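Asks: The chain contents come next:
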Amino acid sequence: MQRSRLAFWIFFGPVLMWLLLLIVLPHLDLLTMSFRGENDYGDAVWTMQNYTNFFMEPIYWLTFVRTALYAIITTFITFLLAMPVSFYIAKLARTKVQGALMILLLLPFWVSELVRIYGWMILLRESGVLNFFMLKLGIIDTPIEMLYNDATMIMGLVYTSMLFMVVPLVSVMESLDDSLIEAAHDLGAGRLTIWRTIILPHCKPGITSGSIVVFMLALGNYLTPNLMGGKNSLWFTEQIYNQFIASFNWNQGSAFGFLLLVLSSLIIWVGLKVTGQKLGEVAS
Amino acid sequence: MTNDLSVRNMVKRFGDFTAVDNVTFDVPKGSFFSILGPSGCGKTTLLRMIAGFEGPTSGEIDIRGKNMLDVPPNLRPVNLVFQHLALFPMMNVAENVAFGLKRRGVGGVEVKQKTEAILERVGLPGFGEKQINQLSGGQKQRVAIARCLVLEPSVLLLDEPLGALDLKLREQMKVELKKLQAKVGTTFIYITHDQSEALVMSDRVAVMNNGQFEQVGTPQELYGKPKTPFVAQFVGDNNKWSGVITQTKGDEVSITTDEGYVFHTKPHAPCPEGCRVNLFLRPEAMRIEPRNTEGLNVFKVTVKSILFDGANSRLLTVTKEDHELIVTLPQNRKFDYIQPGDKISVGWHPDSGICFEAEG
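Protein sequence lines, in the order shown, are assigned to chains A and B.
Taking my numbering, the leading residue of the first sequence gets 56, the next gets one more, and so forth.
Taking my numbering, the leading residue of the second sequence gets 5, the next gets one more, and so forth.
If you are wondering where the hints come from, they were derived from the structure by calculation, not from laboratory data.
Given the structure is predicted, the values throughout are model-derived calculations rather than measurements.
Just to be clear, a hint being listed does not mean it is correct.
As the list claims (entries may be wrong) - Derived DSS-like pairs (lysine-lysine); straight-line CA-CA distance at most 27 Å:
| no. | chain 1 | residue 1 | chain 2 | residue 2 |
| --- | --- | --- | --- | --- |
| 1 | B | K183 | B | K172 |
| 2 | B | K33 | B | K118 |
| 3 | B | K118 | B | K178 |
| 4 | B | K324 | A | K259 |
| 5 | B | K324 | B | K304 |
| 6 | B | K347 | B | K308 |
| 7 | B | K172 | B | K116 |
| 8 | B | K134 | A | K259 |
| 9 | B | K118 | B | K134 |
| 10 | B | K134 | A | K328 |
| 11 | B | K253 | B | K183 |
| 12 | A | K333 | B | K134 |
Unchecked claim - Chain A side only, calculated, beta carbon under 7 Å to chain B, not exhaustive:
| no. | residue |
| --- | --- |
| 13 | S234 |
| 14 | L235 |
| 15 | A238 |
| 16 | H240 |
| 17 | D241 |
| 18 | L242 |
| 19 | G243 |
| 20 | A244 |
| 21 | P256 |
Ideal placement from N, C-alpha and C gives every residue a C-beta, glycine not left out.
Based on the provided sequences and hints, a complete structural model is requested.
Replies: Below is the structure:
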């Protein structure tokens, strides 16, 4: 008994330390920091000013709304694209091809996100590969700037998120018995009805967990919106970065950080409520 | 009598492998037709072609006189009860049963009425609100059948639906299925590898082997007058002897077995003298210690063990040449004295032997 308790602490200790020192403590520090500010005399005081700033200053909350909306759009597009891809991998491809396709999906993640985004920039920019070929082929006369707009940015976000949607979808689809699809077909259902009544309801847990991951990743993404979205596209993470680094206003920055955490959790909670699911069921 | 289903010269090849090889048959309206065969004989492929999930390499399928070759499964007037039932776990019982009706655009009130009516018919009244995982094996079975029957198909296909049930329930469902079919009058096509299922339930049975129909007939015909050695061995138990025809007299022949016994019997097809034959003997064809031995083929065996199985008890016996024979042991207390190691004589009537020319 004594010995097993020792073993428990030996293994559990590092996890606990990691959680405590690297996650809980810094967050507590940021939390207190977000409630601190200076009064008119330059003294440090407790204040709600950092939070009220977010709601009073339209640029801040508008940026957040914009970020959240685009993250939702990204999630939805990723879902639409991932559904047929996952179905092909899980149900139609032969076992050997299945593995190869999964590796193809994973492959881009062997290099860092920065490199991948620069790859896209080389392809899409005014003097880039795509423009070069289109000019050569005579499709266009003058090069088009394909970077630095919202559509490109969303494409970049979808590209980065694809894997995190496909993996949970493939695993739920693999557990779908083929004979259910055949049975529905036999009972008179067409393709669309089979998707609506059999495949989608079966995949619900996978869709939810994939969507949560993709939404959170898109919302918290910094590189892609910054590099592909250009100057005009404000992303909420950029606001946080600006507060910390450019304005050196750590108090405001940590308030934004917590607002991002709370608001995005709220959006997910609402999403789960609307689709009638419980987080516990999704996680299991 | 019209045919609900007729299949003409159906062939299905997968690469070099011929799964279904030139099969032709008709199923009259309202009958219970079984396809019996060992696993891998092509019976599931045949069923899937009738349901529309596979296209035949060549051949015709007519259902109620209409050609079905270019009709997709969702538009065919047949429904399939899957081997593992394939009930939709995301729906309750009523939704499962109503699934097909809704696809046809039947109105809400009618769907409800029909669903309740069919659930009552299969003996599950008031089960509509239950979830699939709350049902027992036999109940799931009946929901799967109800889900198809509610659509009033011309033909109901059943793909070994009793395979997953335990023995007791299987015996019970056999009788229930037969009763249900008689009650609803739908044509049933039932495939199985279990000969007792096929024999008990069917009006007619087709025995399938290597993609071909060996014989189509009533259960009595298959059991009593098998046309091929495969049918003789596959349907019911049989004891096999090999031998040579040594004498023919009218339609009777004398066979000298490899062990040296001389038996009189009637061959299935005329065989010349000197022809090698296989002789099949049902366990119940052999009588233990026959009182009147006139006209019987009688020989001595040693009891090796008693295979007690209630009404289905048998004796495992060997001749002195070590040829194993299974002999039915009637449970009328007459033979209770028999112990392993005893020497007994058995006899059989020439009419009950089944004799085929040996292949090759």
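Asks: Would you mind marking each hint as holding or not holding in the structure?
Replies: Against the structure, the hints come out as follows:
1. B:K183 - B:K172: 17 Å, holds
2. B:K33 - B:K118: 23 Å, holds
3. B:K118 - B:K178: 25 Å, holds
4. B:K324 - A:K259: 69 Å, violated
5. B:K324 - B:K304: With Cα atoms ~8 Å apart, K324 (chain B) and K304 (chain B) stay inside 27 Å; holds.
6. B:K347 - B:K308: 10 Å, holds
7. B:K172 - B:K116: With a Cα-Cα distance of about 33 Å, the restraint between K172 (chain B) and K116 (chain B) is violated, given a limit of 27 Å.
8. B:K134 - A:K259: Since the Cα atoms of K134 (chain B) and K259 (chain A) sit roughly 21 Å apart, the hinted pair holds (cutoff 27 Å).
9. B:K118 - B:K134: 17 Å, holds
10. B:K134 - A:K328: 25 Å, holds
11. B:K253 - B:K183: 48 Å, violated
12. A:K333 - B:K134: 22 Å, holds
13. S234: 4 Å, holds
14. L235: This interface hint holds because 5 Å falls under the 7 Å limit.
15. A238: With a minimum Cβ separation of about 4 Å from chain B (threshold 7 Å), the hint on A238 (chain A) holds.
16. H240: Hint holds; H240 (chain A) Cβ to chain B Cβ min 5 Å, cut 7 Å.
17. D241: 5 Å, holds
18. L242: Check passed: Cβ of L242 (chain A) comes within 4 Å of chain B, closer than 7 Å.
19. G243: 4 Å, holds
20. A244: 5 Å, holds
21. P256: 4 Å, holds
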